[in-house]
Structures are given as C-alpha cells and as structure tokens.
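Chemist: Take a look at the letters that make up each chain.
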Amino acid sequence: MAEEEEAVAAARETSLQLPVSTDYKRPRSKKVQELPILERRNWLIHLHYIQKDYETCKAIIKEQLQEAQGTCEYAVYVQALIFRLEGKIQESLELFQTCAILNPQSSDNLKQVARSLFLLGKHKAAIEVYNDAAKLNQDWEICHNLGVCYMYLKDFKNASEQLNYALQLNKHDITFIMLGKMHMLEGDTDKAIEVYKKAVEFSPENTELLTTLGLLYLKLGIYQKAFEHLGNALTYDPSNYKAILAAGSMMQTHGDFDVAMTKYRVAAYSVPESPPLWNNIGMCFFGKKKYVAAISCLKRANYLAPFDWKILYNLGLVHLTMQQYASAFHFLSAAINLQPKMGELYVLLAVALTNLEDIENAKRSYEQAVSLELFNPLVNLNYAILLYNQGDKKGALQQYQEMERRVNKIKESSNNTEFDPEMIEMAQKMGAALQVGENLVWTKPAKDMKSKQRNTSSSKPLTLQQPLGSNQALGQAMSSAAGYSKSIQLSTGGSRQKPPSLPLEPDVCTDANTGESSFTPEVKDK
Amino acid sequence: MPEVKSMFREVLPKQGQLCMEDGSTMVLCKPKLLPLKSVTLEKLEKMQREAQEAVRQQEIALKEQRREPVEQ
Amino acid sequence: MVLDMDPLFLAWSYFRRRKFQTCSELCSEILEKSPYDQAAWSLKTRALTEIVYVDEVDVDQEGIAEMMLDDHAIAQVARPGTSLKLPGTSQGGGPSPAVRPVTHAGRPITGFVRPSTQSGRPGTMEQAIKTPRTAHTARPVSSASGRYVRLGTASMLTSPDGPFINLSRLNLAKYAQKPNLSKALFEYIFHHENDVKNALELAALSTEHAQFKDWWWKVQLGKCYYRLGLLREAEKQFKSALKQQDMVDTFLFLTKVYIRLDQPLAALNLLKQGLDVFPREVTLLTGIARIYEEMNNITSATEYYKEVLKQDNTHVEAIACIGSNHFYTDQPEIALRFYRRLLQMGVYNCQLYNNLGLCCFYAQQYDMTLSSFERALSLAANDEEVADVWYNLGHVAIGIGDSNLAYQCFKLALANNNDHAEAYNNLAVLELRKGRIEQVRFFSGYLYGILCMFRLN
Chain A
1 MAEEEEAVAA ARETSLQLPV STDYKRPRSK KVQELPILER RNWLIHLHYI QKDYETCKAI
61 IKEQLQEAQG TCEYAVYVQA LIFRLEGKIQ ESLELFQTCA ILNPQSSDNL KQVARSLFLL
121 GKHKAAIEVY NDAAKLNQDW EICHNLGVCY MYLKDFKNAS EQLNYALQLN KHDITFIMLG
181 KMHMLEGDTD KAIEVYKKAV EFSPENTELL TTLGLLYLKL GIYQKAFEHL GNALTYDPSN
241 YKAILAAGSM MQTHGDFDVA MTKYRVAAYS VPESPPLWNN IGMCFFGKKK YVAAISCLKR
301 ANYLAPFDWK ILYNLGLVHL TMQQYASAFH FLSAAINLQP KMGELYVLLA VALTNLEDIE
361 NAKRSYEQAV SLELFNPLVN LNYAILLYNQ GDKKGALQQY QEMERRVNKI KESSNNTEFD
421 PEMIEMAQKM GAALQVGENL VWTKPAKDMK SKQRNTSSSK PLTLQQPLGS NQALGQAMSS
481 AAGYSKSIQL STGGSRQKPP SLPLEPDVCT DANTGESSFT PEVKDK
Chain B
1 MPEVKSMFRE VLPKQGQLCM EDGSTMVLCK PKLLPLKSVT LEKLEKMQRE AQEAVRQQEI
61 ALKEQRREPV EQ
Chain C
1 MVLDMDPLFL AWSYFRRRKF QTCSELCSEI LEKSPYDQAA WSLKTRALTE IVYVDEVDVD
61 QEGIAEMMLD DHAIAQVARP GTSLKLPGTS QGGGPSPAVR PVTHAGRPIT GFVRPSTQSG
121 RPGTMEQAIK TPRTAHTARP VSSASGRYVR LGTASMLTSP DGPFINLSRL NLAKYAQKPN
181 LSKALFEYIF HHENDVKNAL ELAALSTEHA QFKDWWWKVQ LGKCYYRLGL LREAEKQFKS
241 ALKQQDMVDT FLFLTKVYIR LDQPLAALNL LKQGLDVFPR EVTLLTGIAR IYEEMNNITS
301 ATEYYKEVLK QDNTHVEAIA CIGSNHFYTD QPEIALRFYR RLLQMGVYNC QLYNNLGLCC
361 FYAQQYDMTL SSFERALSLA ANDEEVADVW YNLGHVAIGI GDSNLAYQCF KLALANNNDH
421 AEAYNNLAVL ELRKGRIEQV RFFSGYLYGI LCMFRLN
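Protein chains in written order, with full-length UniProt numbering: chain A, 1 to 526; chain B, 1 to 72; chain C, 1 to 457.
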C-alpha cells in the first residue's frame with residue numbers, strides 16, 4: 001500500500017512535467033492556414049490549461065467537443081489531463097484511450113494511457129502499452145517508467161535492465177533514485193551504494209542523493225563516509241531535515257549534544273511536528289541530564305507518534321532515571337505491547353517492577369529479557385543484582401557468569417571495546433560480593449559499553465535503532481567531515497559555551513535557554 | 001545464611017533509542033477536548049427541546065380531537 | 001387571608017422572584033377583569049419576554065443564504081490576518097492541526113462554545129446544502145426561514161386562546177407615543193414574537209417620537225437591522241447611539257456588525273476603544289480574546305483570557321479556553337488545574353469530565369483517568385457526546401499500547417455517531433498497522449465521503 005502510494009506520488013511528479021512539454025507542441029504543429037474548424041479553439045484551451053483555470057477550460061472543451069462530435073483529439077486530451085489532476089484516474093484513462101483511437105500514431109497518447117494504468121496499479125497492462133509506445137518512439141521516459149513498473153512487479157531483472165537503459169539514454173536523478181531503491185528492495189545494499197555513488201558523481205549537489213547515500217553508509221557502519229556525505233548535503237542545504245536527523249543522531253551518539261542540538265533547532269523550525277526529531281532532542285537533554293526538558297520533548301514526540309515504541313522506551317528510561325517508577329512502568333508496558341520482541345525493554349520493565357516491589361513479576365520480566373536479548377551483558381548484571389538483593393546468591397552467580405561470558409565474547413570480536421564505567425564498577429562490586437572478584441573480565445575502563453555490542457550482534461539485522469560503532473571511528477569521521485565543510489559549523493567547540501535553547505519549550509528547560517532564543521545557528525570563529 | 005549486607009542498584013543504559021531516519025506514517029487524529037457550553041447556548045437548547053416537545057404534544061392532542069368524531 | 005394581597009403587587013413579586021409563568025397567569029386574570037389595565041398588560045409582556053430571553057449579544061448565527069449572497073464582502077481573497085474566513089492563516093503562534101484538532105471550518109477547536117461559535121463559511125452553495133443538518137452542525141438555510149427559529153421558539157407554539165397580543169391589529173404609532181409601554185412592547189415583539197419587521201417599525205416610530213435623542217431606541221434599531229442583515233444601517237445606528245451614550249452593550253453589538261462584515265481588525269480596534277471608556281470590562285476583554293482565538297492567534301487570545309481572569313476568576317469561558325490552550329501546548333498538568341477549578345466552581349457535565357480524563361491521562365495521573373471518563377459517559381446528554389468520549393478513550397487505549405481496545409473504542413464512537421470523521425481516520429490507521437488494506441479502503445472511503453460533506457463547514 002505504502003509502496004503503491006509512493007509510486008503514485010512519484011508518477012505524479014513526472015506526470016506533471018509531461019503535459020507542458022506535450023501541450024505546446026500540439027497546437028503549434030498544425031499549420032495555421034490548415035486549421036480545421038474543429039481545432040480552431042485549441043489555443044484557447046491550451047491557454048486556460050496552463051493558467052490552471054480548469055473550470056473555464058472544461059467549459060470550452062465541452063463546447064468544442066459538442067461541435068466536433070467528440071472527435072477533437074486535443075480537447076479530449078486536455079480534458080483527460082484535467083481529470084487526472086482531479087484524481088479521477090479511471091475517467092482520465094478512458095479519455096486517453098479515446099485519444100489513442102483518434103490518433104494511433106502518437107506515442108504521447110499511448111504513454112498517457114500507460115501512465116493512467118500505472119496510476120491505477122495495473123502495472124502489467126501499463127508495461128504492454130509502454131512497449132507499444134516504444135515501438136513508435138523509444139525514449140528515456142518510456143524506459144524509466146517501464147523500469148518502475150517492473151520494480152513494482154518485483155521483476156528486478158527487467159527493472160534494472162530498463163532503468164539502466166534509461167540512464168544510457170539520459171541521466172536523470174530520478175532514474176538513479178529508482179534504481180537505487182530497486183536494489184534496496186532486492187536487499188542488495190552494495191549495488192544500491194554503487195548506483196548512488198554514480199548518481200552523486202553525476203549531480204554532486206543533489207541533496208536527496210547525498211543524504212540517501214549517507215544513510216546507506218550509516219546503516220553499513222561506515223561512519224566516515226556517512227558523515228562526509230551528510231555533511232555535504234548540509235553544505236548545500238543547511239536546513240535539510242533528513243540530513244540533520246541522521247547527522248545529528250551521529251553527533252549525539254558521540255556525545256556532542258550541543259552541536260546536535262544546534263542542528264536540530266534548524267530542523268525543528270522547518271519540521272516542527274517530527275516525532276523522530278523531538279525524540280532525539282529529548283535524548284539530547286537526557287544526555288545533558290536535563291530530565292524535565294527531556295520528558296517534555298519525549299512526550300511531545302509520543303503525542304505525535306503514539307505507536308513508536310522507541311519514544312516509549314526513552315520515556316521509560318528517563319522516568320526510571322528520575323525514579324518515577326509508576327510512570328516508567330506505564331510507558332514501558334505500552335512499549336512492550338507495541339514491540340514484544342525487544343529484550344532491553346524487559347530489563348527496564350524489570351527495574352521498574354523491582355522498585356514498585358513486585359519482585360515476582362520483575363524476575364519474570366528478566367527471564368523474558370534474558371531469552372530475547374542474547375548479547376547485552378547488562379541484562380544479566382541487572383538480573384544478578386536483583387537475585388543477589390533477594391538473597392539468591394546461587395542464581396545471582398549464574399547470571400554473573402553469563403554476563404562474564406557475554407563480555408568476553410564482545411572483547412574477542414573487537415579490541416577497542418568501551419564499556420559503561422558505571423556498569424564496570426557495579427560488576428566489580430558484585431564480583432566482590434559474590435566472591436568471584438579476582439576474575440575480572442575487563443582490564444581498561446571505558447565509557448560506552450552498548451556501542452560495542454552492536455558489532456557482535458551480527459545475527460540480528462542492522463536496524464536503525466542500534467547505536468553507532470566505537471567512538472574512535474565516529475570521532476575520526478566527525479573531525480574529517482568537520483574539516484571538509486567549514487561552512488556548516490560542525491566545529492564542536494563552537495556552541496559549547498552557550499547551550500542552545502530549545503524551540504517551543506521555553507517553560508521546561510530551565511537553565512538551557514538563558515537569553516538565547518534565535519533559531520539561526522551561530523557562526524563562531526575558532 | 002543469605003544475609004544481604006548491601007543492596008545494589010541496577011545500572012541503566014546511558015543512551016536511549018535514537019532515530020536516524022523518518023519514515024512517513026499515517027497520522028492519527030488527535031484527542032479532542034470538548035468545549036464547554038455557554039449559558040446562553042444551554043438555555044437555547046433547552047428552550048428548543050421544550051418547544052419541540054410542546055409542539056409534539058399539541059399535534060397529538062389535535063389528532064385525538066380529529067379522531068374522536070370519526071369514532072362517534 | 002392570602003387573597004388580601006393586591007393581585008398586581010403579587011404578580012410583581014412573582015416577577016421579581018423570576019416565576020414568570022405564574023406572574024403571566026396572574027396578569028391574565030387581572031386583564032380578564034379589567035382589559036385596559038396598562039400596568040398588568042405591560043407586566044405580562046415583560047414576563048413573557050423574560051421566559052424566552054437570551055442575551056442578544058451572545059447570539060449570532062449566520063444562515064447559508066446570508067453567507068452565500070454576501071454583498072458586503074469587498075475582496076474575494078482577504079489578506080492574511082485580516083479575515084476570519086481564511087483558516088490556517090495563523091498570526092503568531094497558532095497551533096497546527098497536527099497537534100490541535102480543528103473544527104470543520106478549519107479553526108482550532110476552542111475551549112468553549114457559544115451559539116455563534118459555529119461560524120465559518122462553506123466554499124460553495126452546493127457544499128453548504130450538502131452539509132447534513134445534524135444537531136452538532138445545524139446551520140439553518142437562511143435567517144428569514146429559520147435562522148432565529150431557535151430564538152423565537154415561543155412564537156412557534158399556538159396558544160389555545162390565540163396570541164396574547166395580536167400584532168397585526170396593534171396600532172404601533174399609538175404605542176410609540178407612550179415610552180413607558182413601548183420599551184416593554186418592543187422587547188416582547190423582538191424576543192417573544194421574533195417579529196423583527198414589526199419590532200423595527202415600532203423602534204423607528206419611537207426613536208422619531210424621542211426626537212432621535214434616546215440612545216436605547218437607536219440600539220434597538222441597530223439590533224433589528226442587524227438581524228435583517230442590513231449591516232451598514234445597523235452600524236450607523238450603533239455608532240449614533242455611542243455618540244450619545246457610551247454603553248458596553250453597544251460596543252459589543254457594533255463589534256458583531258464588524259465580525260459579520262469580516263473585519264476582525266476593526267472589531268478589535270473598537271473593543272480596545274471600549275476598554276478606554278470601560279477599563280478592564282470583562283465582556284470587552286472576552287470579545288477581544290474570542291476574536292484573536294478565531295484568527296488563530298492563540299498567544300494573544302490567552303493573554304486576554306488571562307486578563308479576564310484577573311477581573312473575574314470564575315469566568316468559565318476564560319478558564320476553559322486557557323485550559324485547552326495549555327493542553328494543546330504540551331502542558332496537560334497545567335490544563336488539569338484549570339479544569340479542576342471549573343469542577344470546584346460547580347460545573348458538572350460530560351464535557352468537563354471528558355476533558356479532566358484527557359488531562360489526567362496525559363499528565364500521567366492514571367488513577368483518575370478512567371473514573372473521569374466513566375463519569376463523562378454517564379453524564380452525556382446525547383449520542384454525539386457519547387461518541388466523543390469513546391473517541392478519546394480510544395486515545396487512552398493507544399497510549400497504553402492496546403490496539404484492540406483502541407479499535408473497540410473507535411468502533412463505539414462510530415456506533416454512537418456515524419459521522420465521526422476522526423474515528424474513521426483512526427480506525428483506518430489502526431487497520432493499516434495490522435496490514436489490513438481492505439478495511440483501510442473501507443474506512444478511508446467513508447472518511448472521504450464525510451470530508452466531502454463537511455468541507456469548510
């Protein structure tokens with residue numbers, strides 16, 4: 001359904017260009033002297049059509065068709081275009097078919113018939129008509145649309161053939177985008193990246209291409225390239241919402257909350273009702289330990305997107321941090337209702353239940369977490385803590401050992417692992433209490449342990465919610481990208497002195513907005 | 001003898017869930033606060049109800065009056 | 001010993017105690033005995049008027065015909081911020097429909113309804129006629145045929161022994177000579193008989209008799225002209241009355257004229273002038289706040305509503321509007337305080353409990369949420385209200401992640417009100433989440449139909 005809608009939308013975009021290009025050829029192609037009486041008002045129809053005065057246009061068409069007994073091709077054609085604009089696709093199709101009967105040698109008429117069929121979701125029929133049109137006159141548009149039709153039929157071989165052929169005829173960004181999308185549908189990210197790379201070479205200033213490529217790199221964990229392309233996109237369009245969201249989340253993962261916030265502020269101005277944006281802004285505040293502001297932003301995100309479990313997860317996390325366990329329970333249980341397969345949600349739920357003194361259900365929740373989340377050692381550590389606090393040393397020890405096993409596995413797969421220092425400290429304490437303290441698995445302290453975990457969880461598909469890779473790689477990416485585009489204020493020192501204010505939330509962020517309220521990012525020289 | 005000397009607190013993740021991409025979704029209509037009615041409006045509505053009721057009563061009475069002669 | 005009291009005095013007493021029906025009956029007895037008792041006649045007139053009296057300032061409903069055949073409009077497309085007809089032209093911090101629901105006219109829903117709050121114009125006559133005449137969208141066809149049916153309900157009823165006053169046989173010129181009778185008679189004709197033409201005639205004769213020196217008659221003339229849609233004449237009369245005597249009511253009536261002419265800025269200016277004469281007058285402040293709210297300028301509206309509360313901290317409209325503004329700007333906790341205040345003041349109805357329920361839920365006061373909604377359901381006066389409460393309960397269900405419950409709630413909303421467009425939309429969204437495309441088509445088909453009917457109305 002969503003795909004279909006997309007197709008329709010994409011098709012509309014191109015279809016809007018068509019009538020203009022075909023229209024003005026028509027009246028001109030007839031020589032003035034030879035104008036038959038029934039064609040004499042074509043110029044007037046055309047004039048009203050391009051002025052978007054559809055009501056008058058329809059009235060003239062009606063008159064003209066009455067005089068010509070329905071045989072005036074141009075009038076029928078424009079009427080069909082108007083029907084299409086009005087969303088009456090079926091009526092439009094019938095009229096274009098009439099045109100094709102009146103003038104069977106016109107490939108334009110056939111293309112319009114095919115497009116109408118495409119808009120109606122009849123891809124096979126559309127392909128047939130496009131092929132007929134191609135016999136009369138092969139062009140880029142036909143190949144491109146054939147490719148798109150094949151794509152929706154999931155015939156990727158033919159689709160890529162047609163789209164590549166279209167690119168040979170004419171390099172249009174839209175064809176690159178379609179080809180890239182098709183490879184993504186196929187599940188071939190590498191090929192998609194190749195296509196987008198070529199596309200970016202061809203039009204290096206197309207921010208949509210740059211952002212899409214950046215996001216693809218981001219999904220593959222190639223952070224330097226991801227940041228480079230996203231940064232590039234922001235150079236050409238500093239308020240590009242998609243690029244800001246992706247780049248901002250990278251900065252945020254790296255701990256650069258102020259810089260991320262500066263970017264988000266730009267985006268919030270143009271897209272004030274974006275749930276992902278408010279989610280990330282909320283988590284920026286969370287990172288800065290401004291919990292009230294964080295909750296306010298997250299609740300707005302939740303109000304706008306009540307089905308997004310990530311926002312509910314964050315709301316749960318923030319409320320747990322603020323020791324508001326009843327509210328945390330509410331948000332977490334809602335999140336679990338929407339996303340029952342996420343182990344970490346059960347950990348947080350268990351923490352809430354523990355503090356609400358429902359130990360039995362807390363244990364059940366941990367069991368669920370342990371069975372769903374197979375890599376994160378935090379699950380076992382927290383479970384061990386509960387069991388230990390309840391006096392079950394044996395069970396605690398078991399969970400502790402499982403935690404150690406998981407930590408070792410993570411360390412085996414990568415050298416520069418960073419764990420949450422609080423977790424290390426707690427694990428050491430637990431080890432001492434359980435009298436296994438000598439066996440410490442970690443040797444050097446580090447900050448972020450969750451970031452590591454992603455690399456090992458290769459069995460899981462790489463989904464968006466997963467945090468970015470090790471901080472070093474990201475840091476490198478950021479600094480190189482920052483050097484690349486000086487104009488977009490990526491300098492991390494730039495806005496640190498003044499924390500950015502949060503748009504639209506003056507009441508809640510008490511100390512964040514001291515005097516500063518403008519949306520324009522500061523340009524600061526180092 | 002499992003005697004708990006110290007209680008440990010759980011460790012919470014330091015980073016929540018971030019979004020890198022915004023997919024287009026269908027949007028719900030939002031919850032609706034109901035407007036309170038003004039005194040005038042309530043009186044108008046009450047008067048209208050009463051008037052309609054009275055008209056109905058009159059019509060019923062009229063019908064019955066008409067019917068009576070027929071029955072006789 | 002009871003009968004010792006003078007019947008006219010007793011009737012007066014009933015009148016003062018607002019027992020108008022009894023008063024009127026007693027007057028009838030007196031009049032039977034002495035048909036030319038002017039005092040009894042006048043008292044009965046006033047009693048009958050009071051029974052159906054509603055504040056004319058607060059009443060305003062445009063008929064479709066007035067709307068479509070509006071020859072006062074100067075420009076088809078008004079500049080942004082100068083008209084009430086353009087929805088979505090927000091001037092300063094108006095919410096978007098993604099956050100705050102809008103009425104069928106595309107304005108943000110308000111915290112308070114008055115008989116005139118249904119304004120907003122349909123795009124074409126066709127649309128206007130297609131609009132269903134259900135209780136919550138009723139818009140009469142024209143003022144002549146039905147606009148004031150609601151107001152003149154008393155005149156619809158035939159009384160068993162003919163009308164109290166037979167207007168066609170009344171010599172208005174004679175009554176216009178007697179100021180002590182004419183004012184009561186005018187109000188009777190205007191409010192009870194709902195006969196604007198005769199009322200106008202009487203007012204015209206009377207103002208002439210008063211040598212155009214009585215501001216009261218000018219205001220009444222203005223009211224008649226206003227009801228007849230002769231807005232420029234109404235404006236003249238009100239302005240002339242204001243020259244003689246500054247009155248709050250006159251300012252308000254003149255404001256109504258400007259609103260009907262779709263000149264909200266002129267209306268605002270006038271109200272602010274009124275405030276110079278009557279500083280901090282609540283009705284004037286409320287008038288300003290209402291206009292700002294209708295212009296989608298929520299920030300200024302809230303400012304003025306707050307000013308109202310400074311003068312009168314039990315002002316229901318101000319409390320309700322400020323409350324709803326807080327709710328839709330992410331502050332349900334503060335909204336809750338305002339609605340609680342209304343509860344303390346003794347407001348007790350479905351709407352209030354529904355709003356309390358929503359505020360409680362979004363302010364994370366879960367213990368109070370369901371009991372509030374239960375109360376709201378039990379207090380609902382009609383199916384539309386029940387539907388709205390179920391609709392909101394659907395949101396609570398979504399909030400706790402229970403899609404099935406939400407589905408049932410929205411279904412119940414539809415069961416009670418088949419036109420509930422929002423419920424159709426949300427059901428379609430729920431179906432889409434389940435991946436049931438056929439049902440989505442079904443609901444969105446319905447939705448499309450409803451939207452066509454409601455467009456701009």
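It is worth saying that the hints were derived from the structure and are not from the lab.
Hints may contain errors.
Estimated spans, in silico, between C-beta atoms of each pair [claimed, not checked]:
1) C:Asn382 - A:Leu153: 16 to 26 Å
2) C:Pro7 - B:Glu53: 35 to 45 Å
3) A:Glu205 - C:Lys434: 54 to 64 Å
4) C:Leu170 - B:Arg67: 45 to 55 Å
5) B:Glu50 - A:Lys122: 51 to 61 Å
6) B:Ser24 - C:Leu405: 18 to 28 Å
7) B:Gln48 - C:Lys306: 32 to 42 Å
8) B:Glu50 - C:Leu405: 58 to 68 Å
9) C:Phe9 - B:Arg67: 38 to 48 Å
10) C:Asp55 - B:Glu50: 13 to 23 Å
11) C:Val347 - B:Arg67: 44 to 54 Å
Predicted model only: the values in this text are computed from it and were never measured.
Backbone N, C-alpha and C define an ideal beta-carbon position, used for all residues, glycine too.
Chemist: Against each hint, give a clear statement of whether it holds in the structure.
Modeler: Comparing the hints with the structure gives:
1. C:Asn382 - A:Leu153: 16 to 26 Å: violated (52 Å)
2. C:Pro7 - B:Glu53: 35 to 45 Å: Taking Cβ atoms as reference, C:Pro7 and B:Glu53 lie about 31 Å apart, which means the hint is violated.
3. A:Glu205 - C:Lys434: 54 to 64 Å: violated (42 Å)
4. C:Leu170 - B:Arg67: 45 to 55 Å: The hint (45 to 55 Å, Cβ to Cβ) is violated, given that C:Leu170 and B:Arg67 are roughly 37 Å apart.
5. B:Glu50 - A:Lys122: 51 to 61 Å: holds (60 Å)
6. B:Ser24 - C:Leu405: 18 to 28 Å: Cβ of B:Ser24 to Cβ of C:Leu405: about 26 Å, so the range 18 to 28 Å holds.
7. B:Gln48 - C:Lys306: 32 to 42 Å: holds (34 Å)
8. B:Glu50 - C:Leu405: 58 to 68 Å: violated (39 Å)
9. C:Phe9 - B:Arg67: 38 to 48 Å: Since C:Phe9 and B:Arg67 have Cβ atoms about 46 Å apart, the given range 38 to 48 Å holds.
10. C:Asp55 - B:Glu50: 13 to 23 Å: holds (19 Å)
11. C:Val347 - B:Arg67: 44 to 54 Å: The hinted range 44 to 54 Å holds for C:Val347 and B:Arg67, with Cβ atoms some 47 Å apart.
Checked against the numbered hints listed earlier, the structure breaks hints 1, 2, 3, 4, 8; every other hint is satisfied.
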